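Novice: Chain by chain, the residues run as shown.
There are 2 protein chains.
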Amino acid sequence: MTFENVEQLSINTIRFLSADAIEKANSGHPGLPLGAAPAGYVLFSKILKHNPKNPAWANRDRFVLSAGHGSMLLYSLLNLTGYSEPTIEDIKNFRQWNSKTPGHPENTVTPAIEVTTGPLGQGLANSVGLAAAERHLAARFNKPGLEIVDNYTYCLVGDGCLMEGISSEAASLAGHLGLEKLIVLYDDNHVTIDGSTDLAFSENIKGRFESFGWQVLEVADGDTDINAIEAALKDAKADKNRPSLIKIRTTIGYGCTAKQGSSDAHGAPLGKDNIIEMRKNLNWNFETFEIPEEVKSHMSKVADAGSKAEAKWTSLVNDYKSKYPEDYKNYINQLSDDLPEGWDSNLPKYSVDSKPMATRGQSGIVLNELAKHFKGLFGGSADLSPSNQTYIKSSGDFQKGSYENQNLRFGVREHAMGAICNGIALHKSGMIPYCATFLVFADYMRNAIRMSALSKAGVIYIFTHDSVAVGEDGPTHQPVEHVASLRLIPDLCVIRPADGNEVSGAYKIAIQNRHRPTVLILTRQNVPILQNSDADKVSKGGYIIKDCNGTPDIILIGTGSEVQLCIKAADKLVTEGINARVVSLPSWDIFESQSSEYKESVLPSSIDKRLSVEAGSRFGWNEYTGNKGDSISIDRFGASAPGDECLHNFGFTVENVLERAKKLLK
Amino acid sequence: MTFENVEQLSINTIRFLSADAIEKANSGHPGLPLGAAPAGYVLFSKILKHNPKNPAWANRDRFVLSAGHGSMLLYSLLNLTGYSEPTIEDIKNFRQWNSKTPGHPENTVTPAIEVTTGPLGQGLANSVGLAAAERHLAARFNKPGLEIVDNYTYCLVGDGCLMEGISSEAASLAGHLGLEKLIVLYDDNHVTIDGSTDLAFSENIKGRFESFGWQVLEVADGDTDINAIEAALKDAKADKNRPSLIKIRTTIGYGCTAKQGSSDAHGAPLGKDNIIEMRKNLNWNFETFEIPEEVKSHMSKVADAGSKAEAKWTSLVNDYKSKYPEDYKNYINQLSDDLPEGWDSNLPKYSVDSKPMATRGQSGIVLNELAKHFKGLFGGSADLSPSNQTYIKSSGDFQKGSYENQNLRFGVREHAMGAICNGIALHKSGMIPYCATFLVFADYMRNAIRMSALSKAGVIYIFTHDSVAVGEDGPTHQPVEHVASLRLIPDLCVIRPADGNEVSGAYKIAIQNRHRPTVLILTRQNVPILQNSDADKVSKGGYIIKDCNGTPDIILIGTGSEVQLCIKAADKLVTEGINARVVSLPSWDIFESQSSEYKESVLPSSIDKRLSVEAGSRFGWNEYTGNKGDSISIDRFGASAPGDECLHNFGFTVENVLERAKKLLK
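Residue numbers (the numbering used here), protein chains in the order written: chain A, 1 to 666; chain B, 1 to 666.
Read the hints as simulated data drawn from the structure, not as lab findings.
Don't take every hint at face value.
No copy labels: a pair is met if it fits in one copy or bridges any two.
Unchecked claim - Under the rule of at most 20 Å between Cα atoms (straight-line distance), these lysine to any residue pairs were calculated in the SDA-like manner:
(1) LYS234 with ASN330
(2) LYS296 with ASN54
(3) LYS456 with ARG636
(4) LYS540 with ASP198
(5) LYS372 with CYS548
(6) LYS609 with TYR624
(7) LYS308 with THR2
(8) LYS53 with MET357
For clarity, every value in this text was computed on a predicted model and none was experimentally measured.
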């Protein structure tokens, strides 16, 4: 068999593995794997620097299937190039409960999957994060002739990814930053679910990406011209200034004559008869799920080359170790998720005499303290650095020519910001990505936050300006339902600290959450330091910040800036002979994970007069206040007026807390 | 005073009104009003077809301040050109509680404000909707020589708007559709909050918009060259094929030497001393909030011209009326929010014998029935028409050359889709915009949905594939927290119908909600028609769908596809001598708005054994189930497997409902 023939056979193996798995599952998206099989084959067998025997190799090139619905392309490639998973059995279990081959690729399920994709455009933005992480580490660690960090990031996108706004945000930033090692393959098949791209997507992609500062290359026939694909990938790698987009013209569902080139090929199994016809058409004479011996033998070279590549890198790292032992130590420490000794010993502590400060301000102080210990603390704000107070003063801007710096200027691009941070986290090199905006604009990046949680990315989200206390900017800028809406996302750690001590405690948790995202909810306005506020107790999610003598008549439960109102109200209640306990509840999810004994000790079930005070939606509070409790909350949009006046008019005063507490006790 | 002088004086009046109001409020964004005052002046006094004496004139040009933080520019322009509001008193009350001049423009507060803006990029997408509505109405109603619909849509954007992904989505679609009457003024001041645009935004905007199919014009000196601004606006109007972007180079904070050209000018009052200096610098010799008499007299011509323009249009419409009386009647009906007689008389009704169907399928049937009555029913899906079943079969695609059609192909652009629908609704011409995607991707458009509610836009959101029953596509595509997260948004009507009858009832509400957005939550999978399901009772939000003899021992509460489980479980409980009532609760917000008597009749407080069954987050359910109740819910991410298996494994079986119900009764 000629080399050309075995290459073609390998490509068709990808096609049939994909089509057969989708057929067996009776569910899936054959269009992309059939059309992009040649590009996938060239990339994985000739270009990608990877070692199938060690998917965790630190310097591997990263591949992201942004068009995640084409998962069978990736599973086929991983299997054929020698990764231990997915096995053929796994592929036969495509899209089944507990399989290693879920409908869309999930990094927490299949070892060689870098990031979880599916929601369109996310993967492209993840790739920008992966590429930024690489540039940062390279700038910090590489030495002349000893480039121990030099991986490329490849990403495959479809029309859907490019229509999504997040892809413009991410691509514009990547172009600005000159992320030369980012290479995006665009599966340009002119077809979406609704039909031809003529229906809604007639823009000039080449012009758009060139405007973003990218190199744009084109492959006229991605169905068969694998030499052109390889040449374009090499040209992409050769550009040392810009990220590259390779526009590869393909036919969706290639090989299945009944459906190819049509939206029918996109998202449903081809059908038994169509697969029979496709076998004839592509001259495929093998069993279902069979991998021809020639293909096995041919593809096994990928793993061999990968092992050699890693061995070569290991030897380079050994050279590095002997020449730069201190840098080597730092590099190894960087790659580890272990926290350096003493990292939390100087977190700020405040006494009640400390002057009132906004928790966003205290956050900025903590962030700068943490930056002393974590050179991989890396991030910034969506153009709100002065407001979010997220700038690391000991470092400069991460820009072309200064990639060693820790401050990434995201621009007004919240959605991409979140997804880029996911990519940075999932580079798995010990980076601690953080990002910031106003809490209300968490809505712009909500799917990225969800994806952090789903893919166990330890991103720190810093959301400031957390209530109607934002004031004059008015309802468009005042969060109301946002704290509750974030509490809803599974596996997301949400913390709303009450003062500086709780801010320190919140960051302690966020840093420790290396495989879970954390959201910090912070005030715009100053708040006092509270008697008995406790950084360590934030790790319990909730605690008694002020107790009374004897059994409480009522429990006041507050979070964030409203805890102070509860404490002041409790002070007054005591003078009236009412026993009031105050509970600070900065994190519901952490509190819920405590023992029932602890929870009962804080919120004894026998005490059913409970009043929650939080300047946001009451939704969910019933869980803590119960049938006989009440909530001071905001269940409408805010209003434009000075922040104090907003709080007052919405009932966030000591007087109102007192009144509502007494009403409960009647 | 020369004409040039009075023009300059008028521009400076805008500048000082803005600066003074912001100074008095001690809050606001002077940078944009100072820099964009000349563009605002030219647009409002020379180009915009508007009648300040009648802000509701149907054929007025629309203006959207997408960079909503520059609100004082707009308030100044409205006041100077003769709108009754805001008055000078209103301007003195800028950003104060209950004022007509909130921090960001709000259409529900100030009559002449077309749309509420502030969250960046939304306004540009709203403008695409406004422009699409105009093209649609023009195509339906205009006759040769009688163009009764021909308004332009102008939009002012800043760097922030253009960095947001939503602006790429919207601009790409506008270019595709060739919305020639959309003209965007780009306040190109090179400065954002973080500093120079060099930090994060170095793309070629001209190239990007040309790639989107726009005409791009440039004004080199937008600070002083008002002739160039006027010429560019005229060139923009002259292009009969493409939308236009006018890149106007301005100086942020122009005139305030201490701050101009710097991010310091952006978002804080200039300061007393700086304003004194600015007065000298711009030779301004008037009192605070004083409008020079020459300016008053000069600007009064705008209202005169506006009245004439409207009178001319009225006469045109009268001609139209006499020549095309039937079309005229239709036009007037279109503009009205009144619902045509009989619109709801043929909504589908189903009996228990009807075959099971997915509620998305029933939704498609209703939509097509409604399309017979509402030519202004206008919308579509974000490239999921076949899945969302949202295509109006009696019409074709809204495309260049076929603007009379009702199906708008949004492409994979959820965020812009929502905001475009807001624009369509807020064209206030009786259009009923709808849009659709998978429920999980509501996250991509969440701020647009919030803005619908805040701005009272009667958009219908059709979100299908509403639970883990989505199946094989897995956790990235399976909503869990989404129904709850939508219930959180103030003033948003959320309905999750249980079967075809409830779907009909849900649409009845959605259509009647002309000044409130409605979200319909629909299944992918088939569900049976339920005995006693009731379209009319959906208007109560919740109702007893199956009762028992005598006092219930337990109440099972379900929504959507889970009501069937409750009914089957109740049937079995009865055979075991347990009195079970079943409540279908399709809409929490509607149910909450009922009388306490009605609510008590459905969910008597004496019955505290209550079990909710909903395939999503339990968050919030405590409100209905109380301290002694329980919820069958999903509080983790989903999984890739066939939908039935997912439901089964997550406990959505009759057996589990029975078991959990009995556990409650123990």
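Novice: Return the numbers of the hints above that this structure violates; sort them in rising order.
Specialist: Failing hints, ascending: 1, 4, 5, 7, 8.
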